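Participant: As they're listed, the protein sequences go chains A and B. Our numbering puts the first residue of the first sequence at 1, with every later residue one more than the last. Our numbering puts the first residue of the second sequence at 1, with every later residue one more than the last.
Just to be clear, a hint being listed does not mean it is correct.
[Unchecked claim] What the simulated footprint calls covered on chain B by chain A, stretch by stretch (three residues with Cβ under 8 Å from a Cβ of chain A suffice, anywhere in the stretch; the number is not a length):
| no. | stretch |
| --- | --- |
| 1 | 91-100 |
| 2 | 123-136 |
| 3 | 148-155 |
| 4 | 229-238 |
| 5 | 381-390 |
[To be verified] Here are some chain A residues the structure puts well away from chain B; computed CB gaps all over 12 Å:
| no. | residue |
| --- | --- |
| 6 | N59 |
| 7 | I175 |
| 8 | G233 |
| 9 | C474 |
No lab work stands behind these hints, which were simulated from the structure alone. None of the values given here were measured: they were computed from a predicted structure. Note that beta-carbon positions come from the ideal geometry of N, C-alpha and C, so glycine has one too.
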Amino acid sequence: MKSEYDVIIIGGGATGAGVARDCALRGISALLIEREDIATGATGRNHGLLHSGARYAVNDHESAEECIKENMILRRIAQHCVEDTGGIFISLPEDGLEFQAKFIDSCRAAGISAEAIDPKEALLLEPSVNPSLIGAVKVPDGSVDPFRLTAANIMDARLHGAKVLTYTRVEELIIENGRVVGVKTLNTISGHRDEYRAQITVNACGIWGRDLAAKAGITINMLPAKGALLVFGHRVNNVVINRCRKPADADILVPGDSITVIGTTSSKVPFDQCDNMYVTREEVELLLREGSMLAPALNHTRILRAYAGVRPLVASDDDPSGRSVSRGIVVLDHATRDGVEGFITITGGKLMTYRLMAEWTVDLICKKLNINAKCTTAEALLPGSSTSTNNENCKRTAVSVNRSKASAIYRHGTNAEKIDHSTATKRALVCECEQVSVGEIEYAVNCLNVNNLVDLRRRTRMGMGTCQGELCACRAASVMASVGKKCAATAKADLKNFIAERWKGMAPVAWGDTLREGELISWLYDGVCDLSNLKSE
Amino acid sequence: MRYDTVIIGGGLSGLICGIELARKGKQAAIVATGHSTLHFSSGSFGLLSKDSNGNAIDNPLEAIKALDANHPYSKIGADRVAELADVATQCLNIAEIATNGSTDKNHFIATPPGTLRCCWRSIDGMLTSECSNSFDFKSVALFNFDGFIDFYTEFIASQLRGFSLEVSCHSVEIPELVVRRDNPTEMRSTTIARALDKIENIEILAKAINDKAGEAQVVILPAVLGLYRKDTQALLEKAVNRKVLTINTVPPSVEGIKMERALKSVFKAMGGTIFTGHTVVNHTVEDNTITSITTSKDVTVSAEHFVLATGSFIGGGLDSTHQEGIFEPIFGADIEQKEEQYTLIDIFEAQPFMCSGVATDNSFKVLKNGTAIDNLYACGAILSGYNPVKEGSGAGVAMLTAIAVAENILNR
């Protein structure tokens with residue numbers, strides 16, 4: 001029996017997107033199905049740290065090695081998603097310097113360059129760092145934009161023939177003779193139901209993978225671990241700041257684009273909360289307290305919003321208590337593990353290792369399908385990345401005459417060429433905080449599979465700056481309506497949704513200027529624009 | 001420097017209070033940071049527009065009778081609201097801000113996304129209706145300026161078509177603005193309004209309307225018809241030989257800016273003094289009485305009476321920190337409705353912080369540690385006990401409490 005596809009991948013995070021790309025590059029026909037937009041789960045809810053692996057060096061040599069290798073690969077294949085900020089691990093008086101020696105040795109053993117520098121030099125390198133530091137180690141950390149990275153993988157997968165369905169929920173796995181042979185889906189926008197078949201189905205659903213596996217009668221012992229983070233209103237630091245001690249809560253401060261992120265906490269949460277993550281008061285306090293140990297300026301820096309993601313931790317199969325948790329990559333072949341053919345789960349791991357996770361998964365797929373094709377994802381550049389000397393264009397430039405164009409290049413790399421900035425109208429700025437033009441929005445809507453304003457935000461950063469969408473959301477909604485992607489009524493409902501989503505992240509940190517902004521948003525959208533009276537269809 | 005009354009805050013409430021005192025012969029001064037929330041004005045004024053279910057209120061005077069005792073209108077006295085509303089209208093008239101509407105019957109004004117929203121008074125020349133779902137004309141031609149993205153033609157057109165209007169959409173290019181648009185942040189409401197202060201640009205606009213509007217009975221434009229000029233709309237109507245109406249844009253609101261200027265100039269014309277760019281940083285107290293205030297520019301002003309009209313959070317009248325929650329930064333006045341959890345996760349629910357504000361007695365004297373400060377009054381958005389957004393009462397409370405405070409001061 002010929003299947004419609006060779007492989008169906010469920011889950012549009014970095015891992016699923018990576019699997020789809022790897023399949024497509026190896027000539028395996030693939031369909032990716034995502035229940036919401038790409039990068040809506042844990043992929044889009046972390047630091048955006050391009051780990052050097054140093055954080056894992058002491059306790060988890062294997063993860064550290066994986067990280068530094070992938071770090072070097074991403075710098076090459078995803079230039080426009082990565083910023084080479086560099087990182088430091090600082091020791092504070094209460095930490096002592098004991099850990100540092102062991103840390104440097106472990107880093108070097110894992111192939112991570114780690115150079116101890118004088119505290120004074122650390123202060124010159126990163127003036128925002130806590131001046132009471134007693135030691136610092138330089139490592140090759142960086143920052144990575146997970147939305148852009150996922151979008152680039154999706155784009156490449158599609159360029160090579162993969163099909164991608166967003167806003168499509170898998171309602172059922174089709175199981176015939178003990179074999180998963182396909183899925184039954186529901187498009188949550190159109191309400192349309194469909195059926196797709198493939199020889200192999202891949203579960204890349206992160207924490208939601210437990211429920212998917214359960215549809216095949218398979219138990220995966222997962223532990224949802226919530227991690228909360230805070231976004232600060234500007235780039236407090238230019239270099240990633242870590243604490244040189246055993247990994248703990250809120251000890252990484254990452255600059256990214258125009259902001260800085262502190263995180264994370266770690267707490268077990270029940271499965272029924274995974275879809276609605278709210279950051280609590282206690283988490284905000286902890287993040288602020290610990291964060292200001294890294295950079296005291298955080299105490300008086302405006303917090304834009306708070307958010308949280310859920311790590312898909314997997315308990316070892318031979319430990320039913322769930323205490324022995326692996327943070328490493330977990331590939332489960334359910335044929336050998338559970339006697340269910342045609343079904344693979346890829347989970348655990350981290351954003352940094354998404355490509356390697358995809359490689360292992362597709363290696364297994366090839367083995368099962370008897371395909372002899374080598375993985376090329378470590379060499380082939382992602383769309384937007386380039387090898388030309390023009391690369392400097394892709395990097396952030398401090399001052400530029402045409403800022404919106406520079407921002408577009410920064411965000412989309414060589415793909416920025418596809419953005420129409422030929423007329424004043426196309427160049428007009430929709431989002432002034434993040435310099436997003438009408439042209440860039442049209443490009444995102446037409447080429448990057450954008451369904452709504454929240455999707456648009458993930459592709460362009462529109463509404464992610466200091467004003468949190470206060471003025472640009474309305475403009476963007478009307479641009480989307482005029483591009484013809486949406487009728488005016490749905491565009492307005494979408495606008496209401498977007499505003500509600502922005503506030504959700506502001507509410508836990510609403511004091512000072514953020515409360516002021518919240519009041520203004522309320523006045524504008526509930527008052528002047530009267531959106532709360534908008535009857536949903 | 002000494003005045004009869006010093007008003008802190010130069011927004012709608014502070015200006016109305018100042019005008020009311022000045023026109024009764026008092027020496028009044030306004031100390032203002034210079035950022036008035038009038039720049040966010042919708043072009044309309046709400047007395048009480050919505051009930052607790054979000055439905056439009058037909059007769060605000062009736063609905064006001066049912067408000068809580070702590071509501072600013074209840075402190076004024078529901079029976080006095082109509083009278084003070086007339087005084088507020090007089091103040092607008094004196095400032096030559098032409099508005100329409102009646103106090104016992106609300107009407108509707110078009111919002112930037114094109115819906116109709118209930119209000120008490122609205123600036124003349126804006127698109128309004130007596131009822132929530134129809135107009136007394138049948139066809140409109142909707143015009144926007146090429147490249148202006150703060151006016152949502154698509155939204156407005158679809159909404160108006162829903163009211164059974166025949167709508168055509170058009171774009172106008174004003175050559176002067178083409179140059180301005182090379183800077184991508186320049187194409188904002190005020191830039192266009194400034195261009196339309198020039199007669200030659202009004203003529204270009206009129207010609208474009210005549211060329212494109214066809215048989216449409218009414219022409220609708222964004223509310224950017226001149227920043228200084230008052231007769232743009234009249235000139236246009238004459239040139240295109242039909243009714244020309246406007247719909248507000250998102251901020252900056254040209255109507256709000258014009259309103260602020262008109263109120264300031266009438267206050268000054270009556271002998272009032274405005275200190276612009278001053279933030280109050282210090283004050284002196286004797287016997288439960290404020291004797292003077294000192295500003296960020298090191299100016300000390302003393303007065304018989306002080307009025308706190310510094311607004312809510314946006315205006316800076318209220319502030320908050322992580323540790324202390326909500327507070328009033330100048331006098332440390334008592335805060336009412338200071339919930340520990342003052343935000344709700346759904347922005348479109350009634351947010352508790354919206355009702356927070358300084359505590360006052362029934363004459364709007366500010367309370368500190370439970371005692372009324374003898375010569376310090378509060379008016380406008382800094383007051384507690386009402387939700388301006390959910391009630392659609394922001395402008396009404398701002399103006400009526402300002403007048404009530406002025407009367408209380410004059411009656412002493």
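Participant: Run every hint past the structure and note whether it holds.
Facilitator: A quick look at each hint next to the structure:
Counting residues of the stretch 91-100 of chain B whose C-beta sits closer than 8 Å to any C-beta of chain A gives 0, which falls short of three, so the coverage hint is violated. Counting residues of the stretch 123-136 of chain B whose C-beta sits closer than 8 Å to any C-beta of chain A gives 0, which falls short of three, so the coverage hint is violated. Counting residues of the stretch 148-155 of chain B whose C-beta sits closer than 8 Å to any C-beta of chain A gives 6, which meets the bar of three, so the coverage hint holds. Using a Cβ-Cβ cut-off of 8 Å, 0 residues of the stretch 229-238 of chain B lie near chain A, which falls short of the minimum of three, so the contact claim is violated.
With a cut-off of 8 Å between beta carbons, the stretch 381-390 of chain B has 3 residues touching chain A; three or more are needed, and the interface restraint holds. Against the 12 Å criterion, N59 (chain A) stays outside the reach of chain B, whose nearest CB is about 33 Å from its own CB. Consistency note on I175 (chain A): stated as away from chain B, and its beta-carbon is indeed over 12 Å from all of that chain's, at 39 Å minimum. Its beta-carbon lying about 14 Å from the closest one in chain B, G233 (chain A) satisfies the requirement of being farther than 12 Å from that chain.
Against the 12 Å criterion, C474 (chain A) falls within the reach of chain B, whose nearest CB is about 6 Å from its own CB.
The earlier numbered hints that this structure contradicts are 1, 2, 4, 9.
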